[in-house]
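Visitor: In case you want the letters, here they are:
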Amino acid sequence: AQTVTQSQPEMSVQEAETVTLSCTYDTSENNYYLFWYKQPPSRQMILVIRQEAYKQQNATENRFSVNFQKAAKSFSLKISDSQLGDTAMYFCAFEWGAQKLVFGQGTRLTINP
Amino acid sequence: EPEVTQTPSHQVTQMGQEVILRCVPISNHLYFYWYRQILGQKVEFLVSFYNNEISEKSEIFDDQFSVERPDGSNFTLKIRSTKLEDSAMYFCASSGPPVAGDKDTQYFGPGTRLTVL
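Protein chains in written order, with my numbering: chain A, 2 to 114; chain B, 13 to 129.
Be aware that a few hints might be false.
Straight-line distance between alpha carbons at most 16 angstroms, and here's what the computed EDC-like set of lysine to aspartate or glutamate pairs gives [what the hints assert, rightly or not]: (1) A:K71 / A:D87; (2) A:K71 / A:E96; (3) B:K54 / B:D83; (4) B:K54 / A:E16; (5) B:K69 / B:E56; (6) B:K69 / A:E11.
Derived by calculation from the structure, the hints in this document are not laboratory data.
This structure is a prediction, so every number in the text was calculated from the model and none was measured.
Please work from the sequences and hints to get the whole structure.
Guide: Shown next, in the form of structure tokens:
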């Protein structure tokens, strides 16, 4: 069974700083997908970024980038130039074969002015 | 931009009552999902649905739960006899079609907050 672990329950940084959220996972599959979802106070689940395991290049979306280490089963999210609107809960998730998403416990990120 | 929609946004019900949560997935998607999130906890998978049948379901998805795609656009989750512990945020998600590598990316609706009294 796949598991996803986020070891940082809470993080807090100043606006404009860079922050990295950690995620590790466990799977015996070789081809899979990894995601970061953002959940602001409205509780909507918003896709931030996705990574295909077969791609060696790390995904980037504007200020968001990942550090994907397949051998280490690590998938961290870096937010550059953080903004107040980045304050949210962030969930790392694993998916394989159009099946269910398996989520981590989440990291509550606060951006301070 | 296409999006998943859910109604109602908030449902309050009495214990033992039946509730139906409604979702309209993105129109050309083929895979549909329900998840739930108890306040302060992580998001948990309930059920996946493809080609008019359940693909996979979790231990949470017992006989009190059922899903249906009654027409070409709606996807519903029914809880037959609600319990206090069913109080949670329920998310619908959809993915596909299997082109452009999008089959595996799930897009979520805004959720329905279910409160069981």
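Visitor: Now, for every hint given, state plainly whether the structure supports it.
Guide: Hints and how they fare:
no., hint, result
1, A:K71 / A:D87, "violated (27 angstroms)"
2, A:K71 / A:E96, "holds (14 angstroms)"
3, B:K54 / B:D83, "violated (31 angstroms)"
4, B:K54 / A:E16, "violated (26 angstroms)"
5, B:K69 / B:E56, "holds (11 angstroms)"
6, B:K69 / A:E11, "violated (31 angstroms)"
Hint compliance for this structure: hints 1, 3, 4 and 6 are broken, all remaining hints hold.
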